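**Student:** Here's the letter readout for the chains.
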Amino acid sequence: MDNMDLKKISNEELLDVYKTLEDFLEFLQSESDKEKNVGENDE
Amino acid sequence: MMNDELIKLIDAEKEILSTLPKNNIRNKKKYVETLDKDISDYSDTFDKVKKEVLKRKQVICDKITENNDLDVLLEKVSLIKKELYLFNDYNSAYEKMGFDKILYNLVIDDTKTLEDVNEDIYACVLKFKEAGIELKDVNFKYSPIAYEYMKEFFKYIKNLKDSSLKNKFEELYWQFPDIIMHIETTFKNLYYKNIKVFDKYLISLKNKVISDNKKDIFELYKEEKEKYDLVNRNNMFEIFNKFKNRELNPDDYSRVKIDQLLNTFIEVDNIDEKTYQDIIVNLSKLYNTTIEYQKYLKYNYILENMRKIYAEKEKYKDVVKIKIKEINKEEKKLLRLVKKFYPLKLKNKKPDLIDKLNMDINNQMKVIKGLYESLEEDKFNECVKSLNDNSEISSMLGIANSYYIYQYKCLKEVNEESSFNDVSNNIIDLGDLLCSPYNNLINNINIGDDKDIKIIISERYKLANINISVDQLEDEGNLENIQNNIEKIFIFDNISKCPVELGDIEYVYKVSNLIKTDDN
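Chains as they are written, first to last, in our numbering: chain L, 1 to 43; chain U, 1001 to 1520.
Chain L on its own, in the form it takes in the complex (with noise of 0.2 angstroms):
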């Protein structure tokens, strides 16, 4: 994932990745924030 050339890819596919990734990346903080919460209420 790293090496993504982002440089070759068109305007349209950039906005894509950039959705993609945004997406996952909301993903995961909500999880992480979830179980946190969970953790907390546990204790």
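Quick caveat, the hints were computed from the structure, so don't treat them as lab data.
Predicted model, so just to flag it, every value in this text is computed and none were measured.
Beta carbons are placed, not taken as given, at the ideal position from N, Cα and C, and that holds for glycine.
Among the clues, some could well be false.
Claimed, not checked - The calculated DSS-like cross-link candidates involving lysine-lysine, where the alpha carbons are at most 25 angstroms apart (straight line), are:
1. L/K8 with U/K1510
2. U/K1014 with L/K19
3. L/K8 with U/K1055
4. U/K1014 with L/K36
5. U/K1055 with U/K1136
6. U/K1516 with L/K19
7. U/K1030 with L/K36
8. L/K7 with U/K1193
9. U/K1063 with L/K8
10. U/K1339 with L/K36
11. L/K19 with U/K1510
12. U/K1516 with L/K7
13. L/K34 with U/K1014
14. L/K34 with U/K1037
15. L/K34 with U/K1030
16. U/K1008 with L/K19
17. U/K1055 with L/K19
18. L/K34 with U/K1028
19. L/K19 with U/K1050
20. L/K34 with U/K1029
21. U/K1008 with L/K7
22. L/K8 with U/K1048
Stated by the list, open to error - Listed below are several chain L residues computed to face chain U (Cβ distance under 7 angstroms; list not exhaustive):
23. L6
24. I9
25. L14
26. L15
27. L28
28. E31
Given the coordinates of chain L, assemble chain U onto it according to the supplied hints.
**Tutor:** Here is chain U on its own, set in the frame of chain L:
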């Protein structure tokens, strides 16, 4: 393809995450650690992608530069516009100096506070000063009540909010509730006494404009306005910013959509460059015609009202001359009363006689005020009398727009809710129409004509192969629709001539939605 690979990678990552156990605190902690590591790893990639997205946007934005000529052109147009009133042959120095508006509003605007009243009085004093007349309290001796207040006013002219001035007004107001009418009428008397000074002052301003420009000022205005409008219409920087700020959507500007719009105006396949440019020129004319027609409809209430006055125009022969004589006669009567009043007041003798004189002066002032108001109407009516059946409707509208009080009364007749601001805005708007370089209707249709303007427009554009039906010109919504469609064609035309392509604009539009930055 890169995105497909990324989706596969993410799906695999999600799969791994879903298999991690979360059955006890230790496992849950481990799960969160894995999530946080992923966040950190993917955030780095995300930042790299975001940087590239914004870099590409900036490269496109840098291709569109601001046209600095626009401000210069606008300033030039505004400066010339400010001088046009000097060349208005329909009104006198009284209206040109703005006394009609200030003094009329001073009396009828019941929302005015004492501070507003003092500001209006001050504005009048300044107008006299502008013409070279330094007013003093003694100039207000025409009315003992106005004089009493103005003595205090000039004392506090540098601090009109001083409580002593307020107290003086209140003291006088309870004794003489018509105090504002006295001040207003005294200003009118002072204006007519000094009318030649004002005329001379305005002529000197006019001559300066003539010698500075050496050209007909209206022609000069039209030339500069056309230059400005052309640059403004082709202002790609502003158009581009509208896409960047998502006020415009690039989807509306595809070749297919613009061809569909063009086909609503003109039936041609395979438009060559020359034909296309001709169409743009004709659509530009149609655009201006619809705006002119729209404003014609907006101000038709004025034309209807003025036609009634015009039908009786023979009644208005020499009315101004006669009214001024009448005012002079009544002012002599007032002067006799005032001459008796001052010595008695000075000696403070015969209070009953002073009261009686105050009452007589007040009554006489009311008579004179009525005559001055009627004089303002007469000036307007006499101006209407100068029209004939062959006069263009622009002349009729020009007269209406030269008289604030007429405009006020006329607008109030059609809409009681209209405010003073509405009247002022209409005067500016109608003024813009009257000096517009694109007028074809109001400058060519005579007062006596009863032609259907919609048919004239439709037939005119048929000659240029532009389809515009009478129905399309039927109501406000349709006219706006035509204007919006033509504006879209103009924007498309601008895009096709600018250094960025529609695809680039689409990219900037999408980025603006995804990433909020300071410039969108």
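**Student:** Quickly compare the C-alpha distance for U/K1008 and L/K19 to 25 angstroms and report which way the hint goes.
**Tutor:** Distance of about 15 angstroms is within 25 angstroms: holds.
**Student:** Holds or violated: are the alpha carbons of U/K1063 and L/K8 at most 25 angstroms from each other?
**Tutor:** Since the Cα atoms of U/K1063 and L/K8 sit roughly 21 angstroms apart, the hinted pair holds (cutoff 25 angstroms).
**Student:** Can we keep the L/L6 interface hint, with Cβ of chain U closer than 7 angstroms?
**Tutor:** holds (5 angstroms)
**Student:** Are the Cα positions of L/K34 and U/K1037 separated by 25 angstroms at most?
**Tutor:** Measuring from Cα to Cα gives roughly 16 angstroms; hence the hint holds.
**Student:** Against chain U, with CB atoms and a cut of 7 angstroms, does the hint on L/L14 hold up?
**Tutor:** holds (6 angstroms)
**Student:** Given L/I9 was flagged as interface, is its beta-carbon under 7 angstroms from a beta-carbon of chain U?
**Tutor:** holds (5 angstroms)
**Student:** Assess, step by step, whether the Cα of L/K19 is no farther than 25 angstroms from the Cα of U/K1050, and give holds or violated.
**Tutor:** holds (10 angstroms)
**Student:** What's the verdict on L/K34 and U/K1030, does the C-alpha distance respect the 25 angstroms limit or exceed it?
**Tutor:** holds (14 angstroms)
**Student:** Return the status of the interface hint for L/L28: holds when the least beta-carbon distance to chain U is below 7 angstroms, violated otherwise.
**Tutor:** holds (5 angstroms)
**Student:** Sort out whether L/K36 lies within 25 angstroms of U/K1030, counting only the CA atoms.
**Tutor:** The given pair, whose Cα atoms are some 11 angstroms apart, holds under the 25 angstroms limit.
**Student:** Tell me if the straight-line CA distance from U/K1055 to L/K19 falls inside 25 angstroms.
**Tutor:** holds (16 angstroms)
**Student:** Hint check: L/K8 vs U/K1510, CA-CA at most 25 angstroms. Holds or violated?
**Tutor:** holds (20 angstroms)
Hints 5, 8 and 10 from the list above are not met by this structure, while the remaining hints are.
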